[in-house]
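Residue strings, one per chain:
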Amino acid sequence: TQLLEQSPQFLSIQEGENLTVYCNSSSVFSSLQWYRQEPGEGPVLLVTVVTGGEVKKLKRLTFQFGDARKDSSLHITAAQPGDTGLYLCAGALSGANNLFFGTGTRLTVIP
Amino acid sequence: SQTIHQWPATLVQPVGSPLSLECTVEGTSNPNLYWYRQAAGRGLQLLFYSVGIGQISSEVPQNLSASRPQDRQFILSSKKLLLSDSGFYLCAWAGQFGNTIYFGEGSWLTVV
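Protein sequence lines, in the order shown, are assigned to chains D and A.
All the letters of the first sequence, read from the start, carry residue numbers 1 to 111 under my numbering.
All the letters of the second sequence, read from the start, carry residue numbers 1001 to 1112 under my numbering.
Extracted from the complex, chain D is given alone in its bound form (with noise of 0.2 Å):
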């Protein structure tokens, strides 16, 4: 049982173009992170979010915790070909000791 689902599972835009990848959950979480992987190496964390509806900044990446705190998005304005990569959104649960991981977006962007 896949507890985060992801969607899009693949995306692939030109650059310059604005995209937003879900995280969806039928589960409450304490806090839910965003992570992107580059091929080889181990997922790199860009955000944390803890407060429902909460909404984070990272230069061009927008965050956004959903009120009821099931759920998250993030998107990215005027895609670069540097924003290439596996983005994961993770989730934990009230009492674990553990994040569960979503089923991943493989982004590319196109210069």
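Among these hints, one or two may not hold up.
As the list claims (entries may be wrong) - From the structure, some residues in chain D lie toward chain A, with a derived Cβ separation under 8 Å:
1) Ser31
2) Gln33
3) Gly40
4) Thr48
5) Asn97
6) Phe101
7) Gly102
8) Thr103
9) Gly104
As the list claims (entries may be wrong) - DEER-style ranges, computed between Cβ atoms:
10) Gln1013(A) <-> Glu5(D): 30 to 36 Å
11) Thr1003(A) <-> Ala96(D): 22 to 28 Å
12) Gln14(D) <-> Gln1002(A): 36 to 42 Å
As the list claims (entries may be wrong) - Residues of chain A clear of chain D, computed beta-carbon distances all greater than 12 Å:
13) Val1015
14) Gly1027
15) Arg1072
16) Gln1096
What the hints contain is simulated information worked out from the structure, not anything from laboratory work.
We put the CB at the ideal spot given by N, CA and C, even for glycine.
Place chain A on chain D using the hints.
Chain A in isolation, oriented as in the chain D frame:
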């Protein structure tokens, strides 16, 4: 600052041979430690996690085992590798509440 290292980075092993991947964390004490496996650029499968020395929780039945002989050392082992053990293995650590996980560089294992 905290750092995490795992090795070796790349490993090619014959079927039936043993395996040992090692991971160490610096700059923190009593971390939660994790071993994940990742299939071909997709999501992460949690294999083992540990909240303290000698405390290992196994998430998925595997041909693998884990040990934590010291506070900041986590080892992934196998007595006899299978072809299906091939993959990208990631060690990670988190603070005691486990809300944010930080990953090592990863180890590519190819079983031939």
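Structure-based check of all given hints:
no.: 1; hint: Ser31; verdict: holds (5 Å)
no.: 2; hint: Gln33; verdict: holds (6 Å)
no.: 3; hint: Gly40; verdict: holds (7 Å)
no.: 4; hint: Thr48; verdict: holds (5 Å)
no.: 5; hint: Asn97; verdict: holds (5 Å)
no.: 6; hint: Phe101; verdict: holds (4 Å)
no.: 7; hint: Gly102; verdict: holds (6 Å)
no.: 8; hint: Thr103; verdict: holds (5 Å)
no.: 9; hint: Gly104; verdict: holds (5 Å)
no.: 10; hint: Gln1013(A) <-> Glu5(D): 30 to 36 Å; verdict: holds (34 Å)
no.: 11; hint: Thr1003(A) <-> Ala96(D): 22 to 28 Å; verdict: holds (25 Å)
no.: 12; hint: Gln14(D) <-> Gln1002(A): 36 to 42 Å; verdict: holds (38 Å)
no.: 13; hint: Val1015; verdict: holds (24 Å)
no.: 14; hint: Gly1027; verdict: holds (16 Å)
no.: 15; hint: Arg1072; verdict: holds (17 Å)
no.: 16; hint: Gln1096; verdict: violated (9 Å)
In summary, the one numbered hint that this structure violates is 16.
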